[in-house]
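S.K.: Listed below are the residues making up each chain.
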Amino acid sequence: MEFLILGNTGDVGVAIGSSLVLLVSFLVLLGALSYFVWKPLKNVMDERENLIHSEIDDAENRRIEAQRLQKENEELLKQTQADISSIMEDARAQATKEQETIIHDANTRANQLMANAKADVEREKAIAEINDQVAELSILIAEKMISKEIDHQDQQQLVKQYLQEAGGK
Amino acid sequence: MEHGTPTYTIDLFGLPVMFDLSTSLMIIITCLIVFFVFFFATRKIAVRPTGKPQVLVEALVNFVKGMISSNMAWKQGGKFHFMAITLIAFIFVANILGIPFTIILPDEEHTLWWKSPTADPTVTLTLAGLMIVLTHYYGVKAQGMGNYVKSYFQPMWFMAPIKFIEEFTYNLTLGLRLYGNIYAGEILLLLLVSLITTGGIIGAVGGFIPLMAWQGFKLFISAIQAFIFVMLTMVYLSHKLSDDH
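Those protein sequences? They're chains D and H, same order as listed.
Sequential numbering of the first sequence, starting at 75, is according to the numbering used here.
Sequential numbering of the second sequence, starting at 185, is according to the numbering used here.
One or more hints might be untrue.
[To be verified] Covered stretches of chain D, as calculated for chain H (at least 3 residues, CB under 8 Å):
hint	segment
1	98-109
2	121-129
[What the hints assert, rightly or not] Every beta carbon over 12 Å from chain H, so not counted as near; a handful from chain D, in silico:
hint	residue
3	Leu94
4	Arg137
5	Lys145
6	Glu146
7	Ala193
8	Val195
9	Ala209
10	Gln231
Read the hints as simulated data drawn from the structure, not as lab findings.
Just so it is clear, CB atoms sit at the ideal spot from N, CA and C, and this is done for glycine as well.
Just chain H, same shape as in the assembly (with noise of 0.2 Å):
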């Protein structure tokens, strides 16, 4: 199961920069998908909505509100609005991504076009980073530095290491998993796949049922993923806004 990686390297002031090309297509072809569904899905709005498109955009944009007012007050979380459904929206697109086909070229080196971004660490660990340092940004802001670096130390001082160590942890963990459900996802796919395809009558009969049950549920996990990515995301937010904590 082995692919091979398209990647291009660039010197940025004599350090490797390395790109991974399938990878960073994939990101572009997701905000686009993501930016021309919301924007031909909104172009008739009105206060009285006329078309489905609209009410469907709507349903979205309440809901990422409902997750956001219960972990914090509106007051608070309005601000998170934006970029909670763009998040929400971008995460779900691109585990959805890699469900239909994937792309694997047929040289030596099998090297991998066409899958989900969100099942390569390096997006998952990237998105989730934003989302800590956005976290850490709005706690000092909302806070002031002092209490910012007070809430280390408490409830007692000795605490302070493992809360330190709890923040990589919860970048890691937020990354992890989504990376984790969706590359898992698709290796047991690419299996089902290559089943089908190479384990003779047998396999295809026997493959074929396993296969569409997986691309069912691999829709599930992907929205699942989506929700829990941003709301985990609410949650780490509220925790360093509140005062208290």
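Same shape as in the complex, but just chain D (with noise of 0.2 Å):
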């Protein structure tokens, strides 16, 4: 091997020695590291790895489960409102029918009404138009009666009458 060695004067052996005592600490290097700091550290290491798996899995987890609730609860809402609207429409509907009743009820009474006051005026003007006929038809008997010519007997008698219903009295 001698040969190969660049440098090597000729004088100077292999040293067979150094070749030992590098591979003996060497070894020994690579054993103490092993023990004392790679196997702890790679033990961490992996640790860490493993969490940061776990926590990745548990997200996703979560996302999915999230997503879940997030669809629940828009369906959830939808109908809701689809219930708060159809109630809305009920009312309405039943707010409009009860005013066109209510409307329709006003009418007929205030039609009622007219009408019986109409009835009252006019029987009043009837009661009233009698009144003067009546008044003009004894005006008119009394005309005539006046106007009659009064015989003596008849007044002579009427005025016995007369006297007679004072005397009475």
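Taking the hints as your guide, dock the two standalone chains into a single complex.
M.R.: What follows is the structure in structure tokens.
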């Protein structure tokens, strides 16, 4: 192997001892580092990796759960809104119906009242007319009675009658 | 630019085993720095990061994870994760150790004590060899011995020698690329330093800016080389692991 080594001046042999020192110390170093440094470090790193993996899985699960809940809520909201709008529609229809009924009733009653009032007015008018006619007729009768010739006999009888009446009192 | 190397040789069952003392020392220093930096950076770790150190270390861990998963399935490559982080941290620290200063003793050999351990070919080739052995081990484990041996004779039987040599080339290129980059960088640093210290007033003024620029660039090279080393290791590993290769 000597001829392979650059810088070998020939008078120095191959330092097999150095090789042995290197082999022994490198293997000891490997063992010591593995035991004291790499193994604990690797454990910690693996632990972190597992932690991250589990956290990611967890987050994914939570995301799916949240999505499910959101969909559920949206459906619920939609249904509630539909319910509300149908209830509102019903109420509005009911209100319209009631309104119409009330207006109709009011109209009917108003018409009736109007008719009653008209009838009353007409009756009063008729009564007044009748009164007038009666008065006219009585005046006519009185005129006729007065214009008729009262004869002597009748006059006497009338006076008698008035006197009797006055005496009777 | 010749520097002496402090060596120590022991006899192991009659075989002389030579230690490059400065390289060995720097390897151990690198290991200690890497260990304590990461140890103290991760004392307070939590699932929810509380400080910058944890974030930085995690960024490195994730970066290396990305490098592995760009080459092979994480199910296959996950077991190399700790090795790859340790490797990239070790090589990066080893590369930058030679940037701030170099310690050369003022004896007649100019013994070099403080340097990047990766400026030593023994170190880089050993690391590369370790990685290549690893690829073969996991190749046999993943494909089974039969398929592993068969893969050398595909697509044509006469490709076998080339494929066989290729395995050694992997080792050489992986190790020597790192060594060459760091060693050359240190040589240039030493040259610039000697220009400043021995070149008089002109040398000092003329060498200061390039020295700073080269230190910054060497920091960049250190990071890139550490990245390339680990990346290529993962490429070789994925070649050996996949069945269709």
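S.K.: Tell me the hint numbers this structure goes against, listed in increasing order.
M.R.: The structure breaks only hint 3.
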